[in-house]
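Asker: Chain residues, written in single-letter form:
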Amino acid sequence: MDKKIFTCIACPNGCRLTVYEEDGDIVVKGASCDKGIDHGINEYTNPMRMLTTTVAITGASHRRLSVAGNAEIPKSKMEECLAQLYDLQLTAPVEKGQVIIRDICGTGVDVIASRSMKKR
Amino acid sequence: MKKMQIDVAVIGGGPAGLAAALKARKEGVEKVLIIERDVELGGILQQCIHDGFGIHRFGRRMTGTEYAQTFIDELEQTDIGVLLDTMVLEVTKEKVIYACNNKDGMMEITCGAIILAMGCRERSASQIQLMGYRPAGVLTAGTVQRYINLEGYLPGKTAVILGSGDIGLIMARRMKLEGMEVKGVYEIMPTLGGLTRNKVQCLEDYDIPLHLSSTITKVHGKKRIEGVTVAVLDKERKVIPGSEEYIACDLLVLAVGLIPENELSIGCGIEIDPKTQGPVVDEHFMTSVPGIFACGNVAVVFDLVDYVSQSAEIAAEGAAAFIQSAEQSSPEYVSIVPSGNVNFVVPQRITAGKETEVSIFLRVKKPDRRGTLDISENGNVTQSRRFATLAPPEMITCRIKVSGEAEVVLDMKEAANG
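Same order as they appear, the protein sequences are chains G and D.
Residue numbers are given in numbering that gives the first Met the number 0: position 17 of the first sequence equals residue 16, and the series is strictly consecutive.
Residue numbers are given in numbering that gives the first Met the number 0: position 289 of the second sequence equals residue 288, and the series is strictly consecutive.
Careful, some of the hints might be misleading.
Below, a list of computed lysine-lysine pairs in the DSSO-like style, where the Cα atoms sit at most 30 Å apart [unchecked claim]:
hint	chain 1	residue 1	chain 2	residue 2
1	G	Lys-95	D	Lys-30
2	D	Lys-412	G	Lys-34
3	D	Lys-222	D	Lys-274
4	D	Lys-25	G	Lys-95
5	D	Lys-182	D	Lys-237
6	D	Lys-237	D	Lys-274
7	D	Lys-175	G	Lys-2
8	D	Lys-156	G	Lys-76
9	G	Lys-3	D	Lys-175
10	G	Lys-74	D	Lys-182
11	G	Lys-34	D	Lys-364
12	D	Lys-102	G	Lys-117
13	G	Lys-76	D	Lys-182
14	D	Lys-30	G	Lys-117
15	G	Lys-95	D	Lys-175
16	D	Lys-25	D	Lys-400
17	G	Lys-28	D	Lys-221
18	D	Lys-400	G	Lys-2
19	G	Lys-3	D	Lys-182
20	D	Lys-25	G	Lys-117
21	G	Lys-34	G	Lys-76
22	G	Lys-34	D	Lys-234
23	D	Lys-175	G	Lys-74
24	G	Lys-118	D	Lys-102
25	G	Lys-76	D	Lys-175
26	D	Lys-400	G	Lys-74
27	D	Lys-353	D	Lys-365
28	G	Lys-118	D	Lys-30
29	D	Lys-217	D	Lys-234
The hints are simulated quantities; they were obtained by calculation from the structure and are not laboratory data.
Start from the sequences, fold in the hints, and give me the full structure.
Answerer: Here is the structure:
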């Protein structure tokens, strides 16, 4: 893979990381701590992101329900997961922690309701 | 007019109000009441569907909605009173609240203590002298957030964002994920307004361009916004001639700062700090009016909700102690004075003649790689704290010990050996 540049977010320092492969090893330059090196390797090999969005709901005081994954998903799967969630239509009531979709798009991650929404 | 007697009344049911009410009840206050103008509790957190909340308090990244629900669930297990859809019209020095709603009409609520937790609101188009027409499609970032995350409407197809505060950055990503086109973020200052991690996760991740030292010089479109003229600024913040560029858009999102919402406080004659734009408070977050406390973003705009909850609990402890004490007059104070790179500090003063350990919250004036905070009384440094990576958007908090005998000076110096 090519050389990639990231801003580290392990702490507010915001180190500029340069990550590339050399002789089969992943090299992280510019990090000032081990957390930064880990961050650089993860971003280079398999960036993960938190999935947070909303789902349509009827019968509640609002029209969208806040949902989130119970763990991070691969960044490359984000659009596919969002598309599946946007097809849903829920009905109130919903309880916080309720599973909305189990194992979304084969990621092993469950999407759960972030809040409760009572029936109006 | 309906009359009520309450021990501790909390104005505002957002994160500050929820934490304050729960803490007051735990401190043994019997009659606690939250007065909230929205139809549900949770405040602005109900539209904050992104994660990153609760890292300090709960040790994990929660969504704003989950953070709020945690407190709401706890509140529902208590006998704390809640008035929703209720507007407070006036707060008096005698600790009487005048409020009204559709069901109860006008209410006169006499309180042992009051906790102000009204939060803050966004600076609007008319407060930043935006030039050109005033068409539909010019919205604050929080309004766009509410439309998209709660009401389920997309307020445009192609957006330009003015201001690089956290809400603007968060909304850049949100709009992109909702399938909108985000042309760029324009920031008048040469530095980012929000937190670096938000720039990385919201802009860099989605290839949304950030233009520093840039602004919008004209809004185009008579009925609906059609576009904006952007321009690059020099060091004196003057437009560099020839740098103007027209960008077509049907939505302009304003993320240009937050202002504590203190109309009630000012109406009550509470002293306001021009720096924080919130009430001057002591170590219990008590304002200049004895028995009236202020916490969360109405006292000072925090960047983390965890600190909002923390300030609310300090205020609630203070309110509980106030109503249980016979002494109800204003104490004598010594000031906490910012110096060097310290822009402001909350609390602004502490009770005189009492040795105490106090939580302080401060912001620096300018970025620095590291700095040493010297805490001194009578010209003698009593404690020092070292900090790395200082930036105005990143609030600094720590605990300090003070004697209560003399004015406390907080001086942030550049660390030796740079």
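Asker: Checking each numbered hint in turn, tell me which of them this model violates, lowest number first.
Answerer: Numbers 3, 17, 18, 22, 26 and 27 - these are the hints that the structure violates, sorted from lowest upward.
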